[in-house]
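Novice: Sequence:
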Amino acid sequence: MPDIVGSFGDLLGGFGSALTWQNLLFALLGCILGTMVGVLPGIGPSTTVALLIPVAFTMAPDSTLIMMAGVYLGAMYGGSLTSVLLKVPGEAASAMTAIDGFEMAKQGRAGPALAIAAIGSFVGGTLSVVALTLFAPVIAHYALAFGPVEYFSLMAAALLFSSVLLGGNLLKGLSSIVLGLLVAVIGTDLQTGVPRLTFGSNAMLDGVDIVVLLMGLFGVGEVLWFLAHKEPDSERLALRGRLWPSRSDWRRSWPAIGRSSVIGFLVGVLPGSGSTLGAALGYSIEKRVSKRSDEFGKGAVEGVAAPETANNAATGGALVPMLTLGVPGSGTTAVLLAVFTIYGIQPGPRLMEQHGDVVWVIIASLYISNVILLLLNLPLIRVFVRILDIPVRFLMPLVLAVAAIGAYSVNNNIADVILLFVFGLVGYVLRVVGIPIVPFVLAAVLAPMMEQSLRQAMLISNGSWTPFVTHPISAVFLAAGLFAVGWDIVRSRTKGRRTKPIAEDE
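For the sequence shown, the residue numbers in the numbering used here are 1 to 506.
These are calculated hints, taken from the structure and not from any lab test.
Keep in mind that the hints are not guaranteed to be accurate.
Claimed, not checked - Under the rule of at most 27 Å between Cα atoms (straight-line distance), these lysine-lysine pairs were calculated in the DSS-like manner:
#1 K106 - K298
#2 K106 - K291
#3 K172 - K291
#4 K172 - K298
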């Protein structure tokens, strides 16, 4: 059992250091910088934190890490802004938010969408830090039970669930997943050096960057859809009603926020899973349990609350394996791990013993940064939604410009801009033929981790597939995924038999 009293005392000591004016200033600076990074597609918190590494040589450890933690949290907040207002995810973790958030914006409800996103982010982020404070060592111990076999099965189950929950039609959902997996394997195989699906193009040797893919499918694809289906003289997207969520919005959001806080944190604890998987699972599970699942994808407020809460909760979870085991839980925590080593601090089981003062200052700063981000974002909602006052003839080129700049900034390569528009066209075609985009995106995001886990598992087992069914955790995940698919098939056939007599009577 965790020593709650001892942890509380250490946390108070951490607050004593974190609340100095210098550290508060660094927390504020990190939050503002992180929010800006989240808004700008293609940069990402891990890149920004890496660019700040030279600062580590000139500042105290606690101040540097407080600022970098603020960047990490702020990027999760900022990613929701362009997702809701422009359907251009600033971060891969915000892709799920764009689905219902932009639909709410088109209905004139951008204000409530941004408010729910900000509050869900605050609650998820804060609860994850509470769990980090109390249960980090215990949770990290159980996370060690996850090897490559369990990781592969977890992600395979997530894809199967997404085909059922997000596909509408099982065949179309599975088709979307296959397309996503095919896109993910484009490029050079890092282990064998063999080019895959590059068709002789040198520009494709590095593969397709996930940020380019997301901005193309969502951002450019939405512009093409808008131009093809809206009146040419349409002046602006709707903006009407209140800027604050209604009582109905709150009633519908709180259960989603509560569930997704737990889901996001637990997913974040698993090394390498990250906020994107947390957001995807949060959205998928919420759609499954919601009484209004038919509204998802059409502007359901739960569709904003769940992924935004989950991706912020995953940030706290990702710090658990880094601090207690020395294993990064995400790309950003991998960079933070490098910063720790610069100061001669080695994360791991003895970190609390040897450098507890630094750790508790960082944890205290996470509470402070979440409050700062909430106070920054809520008052600015009225300013943010003014973007929707821009006439459509200007807004759509703005979306394309933001997406193109973001795509180019990923690798400073014009080929990424070309791919951006190619995937924009792909997104438009998928939407026309009724193939869901979300399973496509989820497959593309998870495929590299799945491939790595599968290879590691096969090496460990000398090419045997039996560990996938003999390891209890793996077997449970695979059984759950297959059960979901089987249940959907049975349900579809039963529904067909029930509706057939009605059709004959007519």
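Novice: Output the numbers, in ascending order, of every earlier hint that fails for this structure.
Specialist: none
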